[in-house]
Amino acid sequence: MDEGISIQVGVESIDPEHLLAWIADPDCGAHLLFLGTTRRTTGEQLTQLLDYHAYLPMAEVELRRIAAAALERWPLKRIAIQHRLGPIPIGQASVAVAACSPHRPAVMEGVPWIMDQLKTSVPIWKKETRDDGSQQWIHP
Amino acid sequence: MDVELFALLADTIGSQRISIQTTSPWTARELLAHLARQYPQAAELIRLSRVAINHSYAAPDAIIASGSEVAIIPPVSGG
Chain G
1 MDEGISIQVG
11 VESIDPEHLL
21 AWIADPDCGA
31 HLLFLGTTRR
41 TTGEQLTQLL
51 DYHAYLPMAE
61 VELRRIAAAA
71 LERWPLKRIA
81 IQHRLGPIPI
91 GQASVAVAAC
101 SPHRPAVMEG
111 VPWIMDQLKT
121 SVPIWKKETR
131 DDGSQQWIHP
Chain B
141 MDVELFALLA
151 DTIGSQRISI
161 QTTSPWTARE
171 LLAHLARQYP
181 QAAELIRLSR
191 VAINHSYAAP
201 DAIIASGSEV
211 AIIPPVSGG
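Protein chains in written order, with the numbering used here: chain G, 1 to 140; chain B, 141 to 219.
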């Protein structure tokens, strides 16, 4: 069923072209894609790898709820959210949010809002491996 | 009832799933209080965690019906 929302949570790597193709809409004048990527540096610390774990299917349920709330709140036409799981080397995309709207303000406000909600409520956790080999769960 | 645990909470308690015998249904708040007493080493993290019932966050006063899928969600760090 395509109600304008696509949710994907799994080990597949993120393909920006695929997401942009999915949200393509000739009635939209604004298409926005956000990529969250695994960062090497946190202050003085160097990260080697981030390993993402999810509570499925609740993570998908929460992402769909967030996307549906964004569709209610802004005149967005299509939203695609993908979160990658498992070990992700530094510099690769771990999360993507793509959306389109007839005019620019809706995507410019809606996509950051979706990311804020995702980081607050979606049951996904990351475990960091540092360059000295030590591992720890990241908790906000 | 079976309770699923995740991430640092699962590591601190030492299991991804625990079973609890109850004689009457508990609220989400009562479940968290029980776990904090049972696993004092995880009490601080449990205080920051939320209960999910059937894949939705539960209000503290929500009653956990028997047969529900119950999980404790420690602070999330996706993205």
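A hint or two may mislead.
[Said to hold, decoys possible] The following residues of chain B were derived to be distant from chain G, with all beta-carbon distances above 12 Å: (1) M141; (2) F146; (3) T163; (4) R190; (5) S196; (6) Y197.
[Claimed, not checked] Examples of chain B residues toward chain G, derived with CB under 8 Å: (7) A147; (8) Q156; (9) A205; (10) I213.
Rather than coming from a laboratory, the hints here were simulated on the basis of the structure. Beta carbons are placed, not taken as given, at the ideal position from N, Cα and C, and that holds for glycine.
### Status of the hint placing Q156/B at chain G (closest C-beta pair under 8 Å)
10 Å, violated
#### Entry: Separation of M141/B from chain G, once the least beta-carbon distance is taken, above 12 Å
The assertion about M141/B holds, with a minimum of 17 Å to chain G.
#### Entry: Status of the stated non-contact between S196/B and chain G (beta carbon gap over 12 Å)
Violated, since 7 Å does not exceed 12 Å.
#### Entry: Hint validity - A205/B Cβ closer than 8 Å to any chain G Cβ
With a closest approach of 17 Å, the A205/B hint is violated.
#### Entry: Non-interface label on F146/B, tested against every C-beta of chain G at 12 Å
6 Å, violated
### Query
Does the nearest C-beta of chain G fall within a distance shorter than 8 Å of the C-beta of I213/B?
Holds, because the Cβ-Cβ distance from I213/B to chain G comes to roughly 5 Å (cut-off 8 Å).
### Task
Against chain G, does R190/B hold up as non-interface, every C-beta pair farther apart than 12 Å?
Label violated. Min Cβ-Cβ 9 Å, cutoff 12 Å.
### Query
Is the nearest CB of chain G more than 12 Å from the CB of T163/B?
It holds; T163/B is separated from chain G by about 28 Å at its closest Cβ, greater than 12 Å.
### Task
Just double-check Y197/B for me: nearest Cβ-Cβ distance to chain G has to come out over 12 Å.
7 Å, violated
### Message
Let's test the interface hint: is any C-beta of chain G closer than 8 Å to that of A147/B?
### Response
The hint holds - A147/B has a Cβ within 8 Å of chain G, the shortest such distance being about 4 Å.
Going down the numbered hints, you'll see the structure goes against 2, 4, 5, 6, 8, 9, while the others check out.
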